[in-house]
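Those protein sequences? They're chains H and X, same order as listed.
Just so we're aligned: 198 in full-length UniProt numbering is position 198 of the first sequence, and the numbers increase by one with no gaps anywhere.
Just so we're aligned: 104 in full-length UniProt numbering is position 104 of the second sequence, and the numbers increase by one with no gaps anywhere.
Everything labelled a hint here was simulated from the structure, so no lab data went into it.
One thing to keep in mind: the hints can contain errors.
Unchecked claim - Here are the simulated distance ranges between beta carbons:
| id | chain 1 | residue 1 | chain 2 | residue 2 | range |
| --- | --- | --- | --- | --- | --- |
| 1 | X | Met-1 | H | Ala-123 | 21 to 29 Å |
| 2 | H | Leu-48 | X | Tyr-178 | 52 to 60 Å |
| 3 | H | Ala-57 | X | Gln-83 | 50 to 58 Å |
Values in this document were obtained by computation on a predicted structure and should not be read as measured data.
The beta carbon of each residue, even a glycine, is placed where N, CA and C say it ideally should be.
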Amino acid sequence: MSAPVLTEQAVPPVAPAVARRSWFAYLRQPSAALSVLVLVVMVALALLAPVIADEPAGAGPDVLQPPSGAHWFGTDDLGQDIFAQVVWGTRTSLVIGLAASLIAIVLGTAIGLASAYFRPIDAVATVVTDVMLALPTLPLMIMLAAVVNPSLWTLTLIIGFFAWPEVARLIRSQGLVISAMPYIDGARVLGASGWRIVTREILPAVVSLVIVSVLLTASRAVISEAGLSFLGLGDPDAWSWGRILLNAQRSGVVAIAWWQTLFPSVAILLLVLAATVAGMRFNDTRDPRRNGA
Amino acid sequence: MARFVLSRALKAVLTVWIAITSTFFLLRLLPGDPTTLMVEGDMTPEMQAALLKTYGLDRPLWEQYVSYLRELVQGNLGISFRQIQPVVDIIVDRLPWTLLLAGTAFVVTVAVGIPIGVAAAVNRGRWLDRALQALGIGGHALFVPSVAMLLLVFLGARLGWFPIGGAIDPDTRGAAAYLSLAHHLVLPVLSLVLVQLGPYALTLRTNMIEVLGEDYIRAAQARGLSARRRVWKHGLRNAILPALTLMGLQLGTLVGGAVLTETVFAYPGVGRLIFEAVGQQDYPVLQGAFIMLAVTVVFANALTDMFYAVLNPRIRL
């Protein structure tokens with residue numbers, strides 16, 4: 001169950017000079033450095049997939065082989081190499097995770113900031129956010145994904161569209177604190193427009209929270225993509241970790257071929273854990289009460 | 001109290017209405033709308049038109065919406081494309097299994113999560129607390145089908161301790177049937193609990209630490225109340241409230257997890273039905289399942305809020 005990783009607490013904006021120092025402090029924490037390392041390795045795997053392994057296609061002679069020197073992660077019931085599937089699946093997970101997260105971040109930040117500063121928008125946005133947060137998201141995404149032709153694009157849009165409410169809620173609560181600060185009143189007195197205040201005064205103050213949200217939203221998007229692919233709603237032309245698990249389930253060899261379940265599961269765990277920890281540690285770093293800045 | 005209950009129920013109805021309305025229009029505005037999906041390629045135009053007429057899909061969108069809503073209020077969710085049977089009947093057959101699975105997972109998570117969270121808060125910084133913090137973060141990274149399939153492979157298939165699929169052995173009667181039911185429930189429930197427990201207990205711990213620093217806890221200490229009484233009576237009651245709200249808000253995630261778990265264990269609930277309907281492109285069933293699950297989650301959430309109001313000493317209704 002995904003309880004909120006972040007508490008909605010007010011944190012004053014950080015000056016640029018402090019920010020540079022805190023990047024250094026950030027990477028000095030072992031858990032943060034390790035998470036960033038895992039993320040870098042994942043990105044490298046995704047980019048270099050064609051160099052590392054041939055895209056799995058067609059049937060091979062070695063059926064249901066356990067992990068060995070020739071097939072590091074074993075093979076499935078069609079004789080395809082699981083290692084190659086996992087490597088190619090990294091692409092799908094990362095692309096959908098990042099792209100969906102960006103959609104959610106743009107929507108969520110815009111809606112969150114608008115409702116933090118403009119009262120009438122807040123009334124509507126809060127109702128919409130509450131409704132979306134109250135609904136079971138997975139069945140909703142399943143219903144929509146089943147109607148459209150599944151492709152990387154449609155999946156990204158669907159996942160991104162249903163991930164923004166959490167972002168909006170987080171950004172709104174921080175934005176409300178900033179809107180109440182004296183310098184916002186100052187800007188208003190000086191005649192700044194609402195648009196200018198939101199984009200130039202409030203947005204910079206929440207930008208570090210936005211960065212944290214990118215990572216946390218991406219990790220949720222990766223889980224959503226795996227879930228939809230596992231239910232048979234993934235892009236049929238792209239390998240995905242969820243699809244490997246679905247194949248294991250469908251072929252009826254789950255009980256024998258444990259490697260077909262274990263390795264993609266570990267990949268999901270590592271990627272999501274790394275993104276979550278990287279986000280949380282970044283959140284700690286930007287909190288002056290913890291690093292004494 | 002009656003006013004609070006009424007307004008909370010009204011909010012739930014409004015939420016469901018917004019959900020139904022927006023999905024109705026979204027589904028019909030999407031590129032591959034039900035009209036084109038239903039019509040198969042080798043039909044003559046006359047046959048297509050007749051089919052569309054049967055399902056009322058030839059009328060203006062607004063009219064379709066009004067009649068859809070009218071039917072919905074009367075408990076009609078349409079006819080399944082594949083099994084010529086009302087969608088409502090299909091789902092109502094399956095819903096009790098999902099409620100049993102998700103409900104058991106909910107109760108187990110709360111029952112196990114509370115003592116762990118409290119113990120971690122009281123022994124702050126000790127091994128249990130550290131383990132819980134790792135589990136709380138790790139829980140976010142667990143993918144339900146991964147956990148479920150690994151449990152199935154190792155505890156089910158390899159060790160043979162638990163059945164690997166289904167909900168009950170149809171040949172059992174009486175007490176043996178209940179035993180079989182419980183036996184089949186263990187792995188699916190465990191899959192959901194393992195994913196939820198860490199984050200839930202961690203939230204409870206955080207609330208508890210905050211509460212234990214409050215003045216009224218210190219006042220209780222000054223009055224000479226035992227540590228056990230302070231923690232379990234005064235502390236927990238206040239720490240549990242935010243955790244309860246959180247649990248209510250997470251019901252949607254719980255139902256999503258149940259969909260995935262049921263798929264792995266071929267558990268005969270709505271989740272498995274959804275998986276089957278995806279394979280058969282049975283859109284009325286998917287839409288109906290979403291609506292039924294949304295209604296369940298939204299009203300369960302409303303109940304949680306009412307429960308909260310009863311428990312919270314600061315709200316006297």
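Okay, the hints, checked on the actual structure:
1. X/Met-1 - H/Ala-123: 21 to 29 Å: holds, 27 Å
2. H/Leu-48 - X/Tyr-178: 52 to 60 Å: holds, 55 Å
3. H/Ala-57 - X/Gln-83: 50 to 58 Å: violated, 35 Å
Hint violations for this structure: number 3 only, all remaining hints satisfied.
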